[in-house]
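The sequence shown begins at 0 in numbering that gives the first Met the number 0 and counts up by one.
Hints should not be assumed to be uniformly reliable.
[Stated by the list, open to error] Calculated pairs, PhoX-like style, for lysine-lysine (alpha carbon to alpha carbon, straight line, at most 20 Å):
1. K305 with K346
2. K73 with K104
3. K597 with K585
[To be verified] Derived CB-CB ranges, DEER-like:
4. A713 with P773: 15 to 25 Å
5. Q699 with Y298: 22 to 32 Å
6. L153 with R175: 37 to 47 Å
7. D617 with D169: 57 to 67 Å
8. D150 with P409: 41 to 51 Å
9. A713 with L211: 28 to 38 Å
10. E619 with D281: 49 to 59 Å
11. K629 with G415: 19 to 29 Å
12. Q189 with D646: 22 to 32 Å
13. A94 with D617: 44 to 54 Å
14. K585 with T34: 49 to 59 Å
15. K389 with T528: 58 to 68 Å
What the hints contain is simulated information worked out from the structure, not anything from laboratory work.
Idealized CB from N, CA, C, for every residue including glycine.
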Amino acid sequence: MATAGAFGARVKRVEDPRFLMGQARYVDDIKLPKTLDVAFVRSSYAHAKIVSIDISKALAHPGVHRIMTGEEAKTLCKPIRVDIPAEKFPAKYKACDFPAIAVGKVKFVGDIVAAVVATNRYVAEDAAELVEVNYEPLTPVVDAEKAMLSDSPLIHEGWDDNLMLSAKIDSGEVDRAFKEADVTVSGRFQMNRHCAAAMENRAVIAHHDSTLKQMTVWSSSQMPHLVRTKIAEAIGYPEHNLRVISPDVGGGFGLKACIFPEELVLAMLTRELGRPIRWIEDRRENFYGSYHAKDELCYGEMALKKDGTILGVKGKFIGDIGAYTSYPWTPCFEPMQAALAYPGPYKIKNVRVEAYGVVTNKVTSSPYRGVGLPAAQYTMEHLLDLAANKLGMDPVELRRKNIMCTADFPCVSATGLAYDSASPLESLDLGVKQIGNAAFRTQQQEARKNGKYIGIGFSSMIEMTTFGFEYWKAIGFPSVSGYDSAHIRVDPNGGVTLTVGTMSHGQGHATVYAQLVADGLGCKVEDVTMIQGDTANTPYGWGTWGSRSAVAGGGAVINATTRIREKMVRVAANLMEVSPRDLEVKDGKISVKGVPGKNMTLRDVAQAAVYTADVTADEEPGLEASNYYKAPTPYANATHIAVVEVDSGTGFVKIKRYLVVEDCGKMINPLIVEGQIAGGVAQGIGQALFEHHIYDESGQIQTTSFMDYLIPTAADIPPIEFAHIETLCPISVGGIKGMGEGGAIAPPPAIANAICDALSPFGWRTIDQLPMSPEVVHALTMKPVQKN
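Kindly produce the complete structure, drawing on both the sequences and the hints.
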């Protein structure tokens, strides 16, 4: 097994056997005696006043123990709310309350109206149907652009419009750029509303022990420490007596990096009833109750010279953020990130871009893998191919004309992003070489002679990762921070216990962190035991989201490992009666330089330091260290290339090849990097071709099962091809950059550009809405309607 030198090795995931053998333990696997179940009464209206609630019939139903309504809950629990100090935040923002149970008014279909507690879920569901709610319907607001109009009905009391966020960035001389342009192109693109659709839905069990005066909450969460803090704060419970445990989590993708009303309700109920309370979300609830994402309307304009030089761009991103706020991010994070990321990896100095977060009577939106960037990426990359077609240029050459290379970094983008390092041009060139672009064009012409339409599409991106400590501090965001933590303890036998503040839900942290420890201490990967997800046993941390764990968590692990390594050398030097300067750690041993036979193992040192406390008088016994690492904000980059075949008669799209060239700095484990990319690409293909939450004009969601909401299957995902560049990050420990979200960001424009390229004999036109269903694609083969 891997020891020293494990950093960068293709080590197989150590956590996989447990999952493959069915020995994982999710929230629903936790069985506590006398557990009661909850079913929620949810609004059937998108926008309505609650006139009255009659719970008498439901309460009389056999097996029902308790029914809680909003009027009761508001006296016991603070609402979910994010207040942002205006003096630092670079946007106009309004806060709103999201009550654990609706009070006086419901604001989306699925809003919680009451919680029914019963002996089991079946009884609770039956009783929930007996709760009689009298509503006074109000006009639903379901179109974000119409919601911005002055005559739109208002959703939140006390607001003078429906804007949670409005922001504008104006950099350079945009008007002059467009005035001097030889060519301009523009587009309006509707990004589809979709969701994380994790294998494991959300789940919560709460248990209050009245004798010990302690509460334990099990939650399928990416951020257990934040969940603990916010439950304690909301219901007025001593945080030191509250324990939150995230056991194995079956996928999160950002959805589970929030505090939810259901967690607050169960904490209130168990505190009152003194029995374990359980809620396991079903798929229907997941679709109309859990947060959605990426419902954005994108306007883009680009000004260019005849030679393809981009002079400037304009953009506007209107995010349909749903009814309430999400904590800690707010739904505004989506359009704001889109605006900031709009220029991408291109040398564009003149940028004017607006961002709006608009409340509507839909499920609240919140960050989901790639937050904000898919909208920016689609707008920029699709406009580039439109411009290339108008200029008569090859799309690759247009990108080469404008894209940055390694020598251009570090730099600051026109929207104010501080890029540390990246290799956009080099990644593009490597991708073009590996895909065989010139040979493909020959194949394309031959295919067209035979009535087949194949195309190639490119998408180059640069991705903010980690969202480090200074990032949150600079914008004055009070609800989250950018550090993370690790504690390492070496036992007398040389085994290592690692506790971390991050929370893996499929990323392979147990493997990559063990590699970092093994590399630093000279132990074996299998000698490292990782503990996560339990607030009673782990240092306070911010969980896993935003492509941050390798940088923030990994940095903390490396720093803690370095401290132990330094102490190992001091202890060994004392025992071998040499100077620490004369020692080196190599091949799992601490040896005297030039005298390899004179050495000690990690176990030798651990027994001396931990078991016998044989250290110098000024040295503490033991061999352990902690680190709280204030992580930076590195930028990763990638180029995605899609090759597709389109059936012109039906609009059906078959992805023939898909290549990703990824630069995420120093890779801890290339095998896991490729796994993360492949999973992200699958989700990106889902956004591009399949997934769409649809609402009708009354605010009723039409997609509440996998019969209606399509996700890609294994048959829809091609084998992913990979190539790597490693541009070491100059600002992070270990040269590491994040990469967990990149795979999901770039596929939609790569696939759209490939489809348009394939169907270019019918006339090159943009794809203005996602998903690119067969109906949408087939329309590209139709002659454009002539305007009189």
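Hint check results:
no.	hint	result
1	K305 with K346	holds, 17 Å
2	K73 with K104	holds, 13 Å
3	K597 with K585	holds, 12 Å
4	A713 with P773: 15 to 25 Å	holds, 20 Å
5	Q699 with Y298: 22 to 32 Å	holds, 28 Å
6	L153 with R175: 37 to 47 Å	holds, 39 Å
7	D617 with D169: 57 to 67 Å	holds, 59 Å
8	D150 with P409: 41 to 51 Å	holds, 48 Å
9	A713 with L211: 28 to 38 Å	violated, 48 Å
10	E619 with D281: 49 to 59 Å	holds, 53 Å
11	K629 with G415: 19 to 29 Å	holds, 21 Å
12	Q189 with D646: 22 to 32 Å	holds, 24 Å
13	A94 with D617: 44 to 54 Å	holds, 53 Å
14	K585 with T34: 49 to 59 Å	holds, 54 Å
15	K389 with T528: 58 to 68 Å	holds, 59 Å
In this structure, only the earlier hint numbered 9 is contradicted, and the remaining ones agree with it.
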